[in-house]
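Colleague: Protein chains in written order, with our numbering: chain A, 1 to 151; chain B, 152 to 489.
Worth flagging that the hints you see were computed from the coordinates, not collected in a lab. Errors might be hidden in some of the hints.
[As the list claims (entries may be wrong)] Ranges between beta-carbon positions, derived for each pair: (1) A/Phe27 to B/Leu349: 54 to 62 Å; (2) B/Gly417 to A/Ile24: 39 to 47 Å; (3) B/Lys153 to A/Phe131: 53 to 61 Å; (4) B/Asp376 to A/Glu12: 29 to 37 Å.
We put the beta carbon where it would ideally sit given N, CA and C, even for glycine.
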Amino acid sequence: MEQEKYAHLEKELSPKTPILKNVIRAFLTGGLICLIGQFIALFYITYFNFTERTASNPTVATMIFISMLLTGFGLYKKISQFGGAGAAVPITGFGNAVVSAAIEHKSEGYVLGVGGNMFKLAGSVILFGVFSAFVVALIKTLLVKFGVVSW
Amino acid sequence: MKNGNIIFKTMPSIHSTGVTAGPLEKKKSVFAQQFDKLYEDERCDLPTNEDGHRQLMYDAVMIALSKAKKSPEKIDILLTGDLVNQMTPSNFTAQALGIPYIGLFSACATSVSSMITAALFTDAQYANWIVAGSSSHHNAIERQFRYPLEYGSQKGATAQWTVTAAGAVLIGQNKPELPSIQCATIGKVVDMGMTDPLNMGSAMAPAAMSTLTNHLTGHGKTIDDYDTIITGDLGSNGFKILKALANESGLPHTKNFRDAGEEFYGKDPTFKAGASGSGCSAAVFFSDVYQKLCKGEYRRVLLIATGALLSPLSYQQGDTIPCIAHAIEITRDGVDTI
Numbered sequence: 001m002e003q004e005k006y007a008h009l010e011k012e013l014s015p016k017t018p019i020l021k022n023v024i025r026a027f028l029t030g031g032l033i034c035l036i037g038q039f040i041a042l043f044y045i046t047y048f049n050f051t052e053r054t055a056s057n058p059t060v061a062t063m064i065f066i067s068m069l070l071t072g073f074g075l076y077k078k079i080s081q082f083g084g085a086g087a088a089v090p091i092t093g094f095g096n097a098v099v100s101a102a103i104e105h106k107s108e109g110y111v112l113g114v115g116g117n118m119f120k121l122a123g124s125v126i127l128f129g130v131f132s133a134f135v136v137a138l139i140k141t142l143l144v145k146f147g148v149v150s151w
Numbered sequence: 152m153k154n155g156n157i158i159f160k161t162m163p164s165i166h167s168t169g170v171t172a173g174p175l176e177k178k179k180s181v182f183a184q185q186f187d188k189l190y191e192d193e194r195c196d197l198p199t200n201e202d203g204h205r206q207l208m209y210d211a212v213m214i215a216l217s218k219a220k221k222s223p224e225k226i227d228i229l230l231t232g233d234l235v236n237q238m239t240p241s242n243f244t245a246q247a248l249g250i251p252y253i254g255l256f257s258a259c260a261t262s263v264s265s266m267i268t269a270a271l272f273t274d275a276q277y278a279n280w281i282v283a284g285s286s287s288h289h290n291a292i293e294r295q296f297r298y299p300l301e302y303g304s305q306k307g308a309t310a311q312w313t314v315t316a317a318g319a320v321l322i323g324q325n326k327p328e329l330p331s332i333q334c335a336t337i338g339k340v341v342d343m344g345m346t347d348p349l350n351m352g353s354a355m356a357p358a359a360m361s362t363l364t365n366h367l368t369g370h371g372k373t374i375d376d377y378d379t380i381i382t383g384d385l386g387s388n389g390f391k392i393l394k395a396l397a398n399e400s401g402l403p404h405t406k407n408f409r410d411a412g413e414e415f416y417g418k419d420p421t422f423k424a425g426a427s428g429s430g431c432s433a434a435v436f437f438s439d440v441y442q443k444l445c446k447g448e449y450r451r452v453l454l455i456a457t458g459a460l461l462s463p464l465s466y467q468q469g470d471t472i473p474c475i476a477h478a479i480e481i482t483r484d485g486v487d488t489i
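Starting from the given sequences, assemble the full structure and let the hints guide the process.
Modeller: The following block contains the structure:
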């Protein structure tokens, strides 16, 4: 049987990805994580001396801390299995990627194992995150310079 | 030998088997009662997953030997393999056992490729006693082929779960009352252009079909000659495709087909398409199938172990997944039926 004919047969028989169901689950999971984040931000603004702008730092740290605990107790992968991208895209997904790699590579020691591998998955998030921030800042700077927009 | 078809004139027998499995398999596998040893700890109370993996294989071999009242010094060759890079669990097992050793890699088809090689050595009278087998360990394999264990990645319905299990068989000269190896077919690598490492069943099904067809035509058999034709770890999706391919190629029915991977966890949806790994076929073939052969429930079976010959590097570089399947025919019918 040729590859093309097989690919056709395989596609016909294999279970279809339930896209709509996955999208709804991702929306609910991602939305819920962001809602929790919003409550934490409000908590820092109300009870501590933070403004809406400065509250994001402790909020992110708290969210990563929660994600770290959930990862350690083996619960984050269950949330991800349900929520898909809804659990991967928020900052908690980033925390999960770092912590899971750190746990995994502990057996090879702290320097070559944990240190060398903990950004194995999250490294590209940092690289492309920083790079896109740079590009956006550059565009904005140029636009301000030519008087199109103001800071 | 022609086209990979081998007939073993002396019909080497399988004298004993040993199967070990991890704690999840103890709880979830439908075959758990038939395994010889089940661990409470996934690392077998050792520091790392890889150490646990080694222990699984070592214990499986020792169990097989103790059932036949043999000590490792009496064994001529050890032929084992696994999925960890450079097969370190098998290498350390061989070191601990002190048996002359050749490591074999056919991915998840190693259970059968090791048996074929063992039968060849026995048939040619080079060895009296050979231990063959293979193993896999979920945590050790998952980190190598996919993501860290605790990393949250959503798995689709075609994904399979690598089992934590090991199986070993002791092969020796023919003894008519024991299940004996009559013939085998060495598979060809089949690549249908599949690229998804989370859908290995689809990639492996054509390899299983190719070897099955080759075995039937090469040895002049029909599927009705077998009480069962059991594949290693196609999983529910791959097994469905194999049956479709069988129908398309004109085989009369697929009633006696089984798949160890699909059955392993009792079709529990948590495990998606079922089990996989080189321990999967070994554990089921050397427990359930072997016991049924010994009891006479099965008279003649065809074991087809399937393996996906990919590496994390090959699929990240965009390569397709080449697959292989090896078949071995085991019978209780005695020497006179050749």
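Colleague: Taking the hints in turn, state whether each one holds.
Modeller: Hint check:
1. A/Phe27 to B/Leu349: 54 to 62 Å: 23 Å, violated
2. B/Gly417 to A/Ile24: 39 to 47 Å: 29 Å, violated
3. B/Lys153 to A/Phe131: 53 to 61 Å: 59 Å, holds
4. B/Asp376 to A/Glu12: 29 to 37 Å: 31 Å, holds
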